[in-house]
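Q: Start from the sequences, fold in the hints, and give me the full structure.
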Amino acid sequence: MVIDAHAHLAWRAEGGDWEERDRALIDAADRLGIDRLCCSILTPARPSDPDGFRQANDWVADGMARYPDHVLGYCYVNPGHGREALAEIRHRIEDDGFIGVKLYNEYRCHEPVVWPVVELCIELGVPILHHAGHSHYYVEAQPRMSDGGMIAELANRYPEAMIICGHIGGGGDWEWTIEALRHAPTAFLDTSGSVIDEGMIEMAVDVLGADRLLFACDMSMTAGVGKIRGARISDDDRRKILGGNMERILARRGEAR
Amino acid sequence: MIVDMSAYLGHWPFRRLRHNTADGLLALMDRAGIDMACTSSAGAIFYKNSQAGNEELAEQIAPHRDRLIPFAVINPTYADWEHDLAVCADELGARGLRLYPNYHNYSLADACCNELIAAAADRDLVVSIPVRQIDQRQRHWLIEVPDVALHDLAALVARHPGARFVFLNGLNFVSSPLGSADDDLPDNYAIGISRLSAVMQAEIKQLLETLGTDRVVFATGMPFKYPEPALLKVEVLDAAEEEKQAILAGNALRLLGMDAD
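Just so you know, the protein sequences line up as chains X and H, in that order.
Note that my numbering gives residue 130 to position 130 of the first sequence, counting from 1, and the numbers run on in steps of one.
Note that my numbering gives residue 140 to position 140 of the second sequence, counting from 1, and the numbers run on in steps of one.
Read the hints as simulated data drawn from the structure, not as lab findings.
These figures come from a predicted structure and were not determined experimentally.
Glycine residues also receive a C-beta, built at the ideal position from the N, C-alpha and C atoms.
Mixed in with the good hints there might be a few duds.
Coverage of chain X stretches by chain H, computed from C-beta distances (three or more under 8 Å per stretch; other residues unrestricted) [said to hold, decoys possible]:
{"hint": "1", "stretch": "22-31"}
{"hint": "2", "stretch": "168-182"}
{"hint": "3", "stretch": "186-196"}
{"hint": "4", "stretch": "212-223"}
A: This is the structure:
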């Protein structure tokens with residue numbers, strides 16, 4: 001089983017081509033041998049409000065119904081809307097079969113406002129995929145972007161949580177990110193992003209171990225698959241990264257019940 | 001056969017490259033099934049005197065000229081680049097150039113650049129221009145080098161209809177005059193696939209349709225990048241087998257004047 005741990009369905013703007021774009025994603029997955037896509041939809045305007053993230057999650061639920069053999073759903077929320085965000089997560093996980101929570105850049109992941117979301121995800125036994133990146137300059141468009149160091153701090157505060165640091169290849173200095181995650185043994189790292197620097201996956205395996213890596217594309221499809229194909233790692237490690245580790249994460253939901 | 005239009009040897013100041021010796025690169029090529037690669041010096045991008053990097057490259061690949069095709073990094077703002085060009089073409093066997101206007105602090109519209117392009121055309125050298133060398137988000141704290149603008153490349157090809165260009169490591173050509181079927185630009189340029197999409201937006205397929213099968217070339221960016229994603233793009237491309245063969249080797253060999261070799 002090959003599971004893309006970081007994917008997105010399209011925001012359904014009126015008159016837009018979302019249906020075609022979603023179909024293209026499914027088609028790409030089929031051509032590249034990806035069995036499952038763990039998808040969220042982000043609101044185009046952020047920080048999102050409850051109406052916005054509920055709308056996004058409605059469309060993810062619809063995508064799961066349209067493509068039941070492919071799409072697994074992440075529930076996207078803005079943790080700043082505490083009560084509404086927690087209610088939305090519980091509803092989507094318990095009623096709609098979503099597999100986890102997606103957090104973006106409304107808050108840095110280690111800020112206290114995020115903690116109730118983490119505690120609920122521990123209770124529900126689901127992962128949190130967190131947008132992250134570390135560049136050596138101020139990213140003006142994302143003043144509250146998290147990085148691997150913040151993910152590590154959060155994971156060490158909640159070692160029973162399943163925190164996934166997003167896109168090693170989409171967030172700046174990937175060597176920094178790998179180093180920053182070294183001492184957070186419960187944190188995962190997804191391999192997505194358009195950057196395909198040679199040696200990236202090998203370093204992540206060497207420093208973090210293959211058990212902590214999750215194959216993903218974040219819509220950079222051939223980059224995502226190609227870097228795993230190109231990495232000089234064992235077949236056993238490749239299998240874990242491509243799907244085995246994510247299957248273990250998904251199985252923990254059953255253990256939490 | 002597979003010919004890579006975008007490979008490098010040597011050091012990059014901000015990240016350790018693996019497989020960056022001739023033997024290392026050849027091992028990487030063997031692993032990926034790549035037969036030949038147009039190779040330039042990564043160090044020459046940062047050396048003040050790029051020619052030193054070209055000389056290092058020539059020494060390294062001398063025993064492997066059947067597989068590693070030298071491309072010279074020439075900086076037209078540096079003293080006596082004309083001599084460097086002549087040495088690279090006549091003595092070191094360069095089949096093409098790599099230009100880095102934004103690393104070497106000149107504009108593609110500058111007179112010195114136009115003189116270089118004209119000289120390259122006179123010598124029948126392919127002029128390759130990477131739109132970027134690395135992803136901007138992972139740049140070092142000491143330097144910021146913007147991408148080469150596609151509209152500047154479009155103006156360049158129009159100014160030099162007798163020259164031959166390859167544009168590497170770029171994307172969104174379909175949104176620029178370079179990727180438009182309606183534009184009246186000369187057909188003197190090809191586009192490397194390393195950052196182009198093969199699925200979803202499918203930019204490679206769009207370029208095959210707008211520019212023609214002979215204008216898209218295989219390019220990896222190794223050893224900065226894994227070569228496998230570029231191979232995968234061709235593998236899953238919605239195109240006929242002969243189109244894939246043209247991308248993988250035929251177009252490059254014709255550009256290099258090696259199709260009859």
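Q: Hints first: check each against the structure and report whether it holds.
A: Results for each hint:
no., hint, verdict
1, 22-31, "holds (count 5)"
2, 168-182, "holds (count 6)"
3, 186-196, "holds (count 3)"
4, 212-223, "holds (count 4)"
Every hint from the earlier list agrees with this structure, and none is contradicted.
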